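Could you put the whole structure together from the sequences, leaning on the hints where they help?
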Amino acid sequence: MKAVILDAASLGPDIDLSAIREQVETLEVHEASTTEQSRERLAGAQVAIVNKVVLDAATLEALPELKLICVLATGTNNIDMATAERLGIAVRNVTAYGTASVAQHSLMLILALANRLPLYQRDVAAGRWNASPFFCLMDHATLQLEGKHLVIVGQGELGSRVAALGEAFGMRVSFAARPGNESNDSRPGIAQLAPEADVISLHCPLTEATRHLVDAALLATLKPNALLVNCARGGIIDEQAALAALREGRLGGLGVDVLPAEPPRDGHPLLDALAEPLNLIVTPHNAWITPEARQRIVTLTGENLRSWQAQRDGA
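0 is the number of the first residue of the sequence shown in numbering that gives the first Met the number 0; add one for each residue after it.
If you're looking for bench data, these hints aren't it; they were derived computationally from the structure. Note that the coordinates shown come from a computational prediction; the quantities given were computed from them, not determined experimentally. Virtual Cβ for every residue (Gly too), placed ideally from N, Cα, C. Careful: at least some of the hints might be erroneous.
For each label pair, taking beta carbons as the anchor points, the in silico distance ranges come out as [to be verified]:
(1) E60 <-> N180: 42 to 48 Å
(2) A243 <-> D13: 37 to 43 Å
(3) A56 <-> S159: 35 to 41 Å
(4) K1 <-> Q143: 56 to 62 Å
(5) T206 <-> A31: 27 to 33 Å
(6) P290 <-> V53: 42 to 48 Å
(7) C135 <-> A31: 15 to 21 Å
(8) A167 <-> E60: 35 to 41 Å
(9) C135 <-> H29: 51 to 57 Å
(10) E195 <-> E60: 23 to 29 Å
(11) R311 <-> A61: 19 to 25 Å
(12) A243 <-> P283: 21 to 27 Å
(13) H29 <-> Q191: 26 to 32 Å
(14) R305 <-> E39: 23 to 29 Å
Shown next as structure tokens:
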């Protein structure tokens, strides 16, 4: 069986691919590929291993020997799933590989925003501490997390891990109802929880129900010192509205690890705003990148290959 990895560079250079190599006869590795290059590179392969390369209908239809697509991520939106199903191509993804990594990053954003780290770092770099009339700076009021209310959207593995970390800091945690399904959910909706939230952390998928879930109307109901963190998907918050609230003092802090277009080749207002004295953090979609999490992706992909082969052999 021949397998081809189309974008190995997305895992980083320090990752051991042995767990995948052990499951196939031949493994061809490409650091990066375009959709157009994929047709040639996957010719004769039974397995495509891909992270973010788009495999559209035309590409899949041009690969009659392809039997399995292993996605090196949870999301499968880069695969034409309907065409894969029609052609009998199995698709296997990986889940829960980066729970500890993303939860840690989420707490980092919450802690940094609560302590107004972006603002104090700017002050120190500008020499304001050197010129202080006494031993410290205290121009920006910080937020003690103990006793504060953490509202989480998404009660899966990630949301639950962030909740546990929040509780370790003495926070009171509430989970919001699944967006779009509030009438069938015993939990209160985000609109109900928002006015009493000190921190909102998003850990839900981007769907029609969650697109701009945190919009201007919801932002208007928040406490002026509330913190908003998004380590889920860009577009779940209305970034323009959140930035306006931050600039106007109606939001205490904003931390995002995701933007609607990644990489943001055409720029983004939040990136421009990093030059302003705001309690704002933007990280480059790297909450998941600890070596442990990236290696776990390879391990789980190896398990997907093994279970698919066992299923095929037993059919």
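**Prompt:** Which numbered hints turn out to be false for this structure?
**Reply:** 1, 6, 7, 8, 10, 13
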